[in-house]
Structure formats: structure tokens, C-alpha cells
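Chains as they are written, first to last, in my numbering: chain A, 1 to 355; chain B, 356 to 710.
The set of hints was computed from the structure by calculation and includes no laboratory data. Any given hint could turn out to be false.
[What the hints assert, rightly or not] Pair ranges (Cβ atoms, derived):
1. 321/A x 363/B: 58 to 66 Å
2. 331/A x 471/B: 45 to 53 Å
3. 300/A x 541/B: 53 to 61 Å
4. 68/A x 611/B: 57 to 65 Å
5. 426/B x 341/A: 46 to 54 Å
[What the hints assert, rightly or not] Covered stretches of chain A, as calculated for chain B (at least 3 residues, CB under 8 Å):
6. 92–104
7. 158–167
[Said to hold, decoys possible] Computed, partial: chain A to chain B, Cβ under 8 Å:
8. 140
9. 181
10. 182
Just so you know, these numbers come straight off a predicted model, no measurement behind them. Glycine is no exception: its CB is placed at the ideal position from the N, C-alpha and C atoms.
Number of protein chains: 2
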Amino acid sequence: MNFGSISELTTAINSQLDTFFERESRYLADVGSELLPVCEAMGHFLLDSGKRLRPLFAAIGHSGVGGEITPQSLQALASLELVHVCALIHDDVMDESDTRRGAPSIHKKFEAIHESEGLHGRASQFGISAAILMGDLALIWAAKMLHESQLPAHQILQSLPIYDEMRVELMAGQYLDVYEQAVASESIERSLKVARFKSGKYSIERPLHFGATLAPKYSLDQLRMYSNYGLPLGEAFQLRDDVIGVFGDPAKTGKPAGDDLREGKRTVIIAMTLEKIDEASRKKFQSLFGNKELDSDGIDSLREIIKASGALDRVELLIEEMTFSAHKALKADGIGSHAKNLLAEMAEAATQRSA
Amino acid sequence: MNFGSISELTTAINSQLDTFFERESRYLADVGSELLPVCEAMGHFLLDSGKRLRPLFAAIGHSGVGGEITPQSLQALASLELVHVCALIHDDVMDESDTRRGAPSIHKKFEAIHESEGLHGRASQFGISAAILMGDLALIWAAKMLHESQLPAHQILQSLPIYDEMRVELMAGQYLDVYEQAVASESIERSLKVARFKSGKYSIERPLHFGATLAPKYSLDQLRMYSNYGLPLGEAFQLRDDVIGVFGDPAKTGKPAGDDLREGKRTVIIAMTLEKIDEASRKKFQSLFGNKELDSDGIDSLREIIKASGALDRVELLIEEMTFSAHKALKADGIGSHAKNLLAEMAEAATQRSA
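Please model the complete structure; the sequences and the hints are all you need to start from.
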């Protein structure tokens, strides 16, 4: 299969996800019509949106070490999106987020189903249960999609150690994040560590490695080059996410404005703000930050404090430096030149985005 | 490795789980000391108790088709226990169960950690988040333990389709169960269907299949024989679980007496009760069933109604018939005789237990 551009690759990934989802949801529907709402909700969540960032990095990582982009390899590579679906569905339960990609999150959707059908028990608990199971199902589907890809056996097998390590890192990083929120840490160092684990490795470095190990062969030097590119870029990606969580435009993010401020989310930009502000601003900050009922004036005040502290500039500088490191890593030998061009393009996409 | 008895096999399975857990928890501790409570809680949950039913069936299934019981195969077979740990941890969140195996359930344990450390946010939400992530982690560990078993590549690969199907069935069955509770169904047929999906296939048939497909070779006839034994026995196993949920002794179950009654759990025995009782008993039943504050008098009254309706006898008869079917299936050829003896023994263990 020929692919020239990111957008062609995205279309091919979407088509694999479509096909797999159709097959699996037919299976569920055969188990019982009670599962139709599960199929429908998964379909919307998986297929209606999403940038396919992780499958894209995996596909470029695969192609960069000489792996061919075929329907078989694309099925294996696209499966990463389902790992991400698990992470997002469970994340929304943990964060009590009501919206995702402009629509109700899964637990909210099933809470609404419970209410509209007038079922027994608490609607919110039904929503949580459905979301836990659907996250589990997405994680299992991901593995199934990989296993069934019909790539040569040794290619699938040699990808599994990286695949497992990536998934363990993801869950460990998520726990660090949950714990970090609970201790309400103000440490920049600690919040950078969370960013590194939760997203730095999982979003870019590991997908590149996963793609490479799915190819017929790859070298440790190639994996190292992917790390040199992927680790700083992954952190920059997470920092951009943090900035969007504070300053993002709801029309683009599909989440309410200042969502992270209302939630009181402890990120690098918040730690940097708290490091530099005077007592008066700190008092004001703390009276507003984490207030679920915060109105747009409150959000504006917090944004002002963050900007005035210099934290926004510092984070933007950090993003720039890390993106620069990622670009520099691309100068090394050993990776195909088309893949390098796409990685350069992806570096911009991951860090300059507004959603 | 020689094994004569179920108890020798159980010891060998436990030792594999021990070794794997030690290695993985060292890895987590290296990520950050914040993860030590996760390691500790997983260690207790995984290693302190549990009958190892699924690994045992997998090991017997493996040996019955000529697979050797070696440290390598045992590592792969024992990994099923971690799938079950995921199911139990998530199940307790969904059911809001406070205890498991005589100790606080995982979400309750982390709720208590949150309280004792005086952390920010709601303790109950922190408990739920930790439990969701630890269930995910257990599911990932299970796959990692299987992948790293060092069995020949083609044996691992040929087990994956069954492995994936088993996990999809498990999650589908769990959703059917959650939904069934929410519609408060009184249908015997529907509650039997839930029992079949949630536990019938997952607890016995699929572990046998999984063990067989991990062997160097197996035939479809052998898988069919395992189904003929495992499907009725799996249903009988679930029915016994339902009886224990109503009549079990807390000293043996590690759960409060009549837990399923307090929870209002819709099972086959409840559907059978409701089918046969008169209006007066039904009124009394419905005033008590599902009342979280139910005292021991209330539990006794419900137990009396269930017995008087004949439901207990009917379920016991069903268990007997299904266990008989399972034994009959063992008369077919094609499975090793030592494995058959162990399966006969396991049939008793699965259906005559009191916890």
C-alpha cells in the first residue's frame, strides 16, 4: 500500500478501525440485544472523532525501520487506538468528567440510558459500571485486533514485550497522576515526572517502538533514535495538553472552557504558577482553583494570574525546547527519509495544536 | 514436573504467581515510591487467598491433551488468575461491595488510605480510581505473564484466539449481569443466560480450552469434550455461588451473611422464588429484598421464603443434574486418564463447596 501523507495514513487507519468494530459489534449483538447500547456507544466513541495520534506514530515507526504498510500491518498498528479508548473511558470516570469530544462521556451516557429507561438502582452507579466494563472491553479488543492482524507470527510476538511495558507504564502513570492530584502537590519536578510517565512515553515513544517491533526487523539503535525523538516530544505534547486545559477554546476542544481549572488539576503550568506568585495572588488563586462552580469571570482571573506569573511563557519555552530536541534527534541516521519527514510534520501537529 | 494431586498443582501455581508478582512489583517500586501501596494491596489480593480454580482447570486441560506441566507452561496457565483478579476488583466497584475474602475490597482500602493520609478530594472517588487502575493493571499483568512464559511461540499464539474470546465473553457477561440487576428481571431464563455467560463459560470451559490450546497440539474433539464437561459444570458452579450468596456462612465466605439479599442481587434462585410465591409472601419478600440495612431477622425471613417456595430444592436439583452431565461427559475418549480423574475431583470441589 502506498501512502504519501499523514492524512492518507489516517484514512487507512480509520478504515481498519471501522472494519474491526463492525465485526466485533456484530458478535456482541449476537450475544444479546441488551448489548446494543454498548455497541452504539463504543462506535460513536471510537469512530466519530480522535486524531489517531498513537496509530500514526506506530505506523511511521513501522515504516521508518523498513516495515511495509499493508492492511495486515495497519490492523496491528491501528489497534493502539483502542488502548487509548480504554484509557479515556476510565479516565473520565476517575476525573468525573461529564464530556468528551463534545459529547457526554461514557458513564454519563449510560447514566442517561438508566434514567430514560427508568431502571432500578442509582443511575450514576449504572453509568460507572458500564464505563468500567467498556474500558475493559476496549483494552481486550485492542489486543484482539493486534493478535488477529495476520502479520507473521514472529512479528506479533516480538512486539509484545514493548506492548506490555507500554500498558504497564500507562497504568502506573495514571496512578501517579491520581495520587499527585490527591496530595495537591506544588512540585514542578513531580508534575514533570507525571507528565513523563502518563503521556511522555505512552503517547509517542512507545507507539514508535511498538511499530518498529512489528516490522520484520529493527535495531536497538533505531529504537534509541525513536526515544530521542519521542520522549521530549511526548512531554511537549503533554505540556500542550495542559495549556489547552487552561486556555483552550471549547469550540475546538469539545470540553468546557477552563475545565482543568474547575477540576483543580495539578499540572506543570500550575506548579510553575504557584512557584512565582506573591501571597495576595496565591490567596486569590486558591479561592478559585478547583471550584466546580467557577464562572467565566473566575476562569479569566485564574488565567490572568497564570499569565502574570510568567508560567505560560515558561511552559511555551519548554515546549519549544523539547520540540527542538525532537527535531534534532531526527538528524541521526538509520531511519527512512520519508518517515523522518512525517515525524517532523507530526512534531508540529503534536505541539502546535489547539485541541 | 510431576504432579499427582490438585493440592500439588495449586502449590506450583501459587509459586508462579509469587515469582511473577515479586518481579512486577519491584518494577513498579522503581517507577516511584508512590506505587508501594499499589504493590502491597495487589500482593495481598493476589497471594493471600483464592482457590486458583481457573488456573487449575487450565492446567488439567493442558495436561489432558498431552501438554507437559513445566515451569514454563505453569506460568502461562497460572496467568488466568490475574484475569480473575481484574474481574473481582472491578466487580466490587460495580457492586459497591465493601469486603472481599474477609478483607476490605480494593476501593475501600484506598478510600481508607486517602482518609488516613488526609489527602485532598473525596476519599471514595480516590478509592474508585485506584481500583479501576489496579483492575486494568491486573488484566495487563495477566497478558504479560502469559507472553513471558517462554513456551514455544506457536503454542502461545494458538492460545490467543480462545484467550481473547474468553475475555470478551467475560465483559459481555458482566454487562448482562449489571443490566439484569437494573431491569430487576424476574425471568428464570434470563438469569440462567447471565449465569451461562458470566460464569458458565468463563470459569471452567474456557480455562480448559485455554490450557489445551497452550499444548503442542490438541484436537477439536478434545475441545468439544471439554465443553461438554465444562459448560454444565460452569453453570452449576455459578448456581452454587448464588446459593452461597444467600445461605453462606460468613466465617467461610469472608462476606457478611446474606450479602446478595442485602444487595438485592437477581439470580436464578431469586427468579425461581418469585415464580412460585403467593401475593402475601411476595409483598413481604419485596419489602426486605435489596434493603442495605437488613438485619439478621430480615435475612432469616427471606431465607425462609426462598426455602418454602421450593426454590432452594430446585436449584440444588439443577446443580445435581448439571454436575451429573459433567461427569457423564468424562466418559468420552480422547483425554488422558489422570486428567479425567482430576476433573472428576474438581467437579465436586466446584459444586459442593461452602465458600
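- Failing hints, ascending? none
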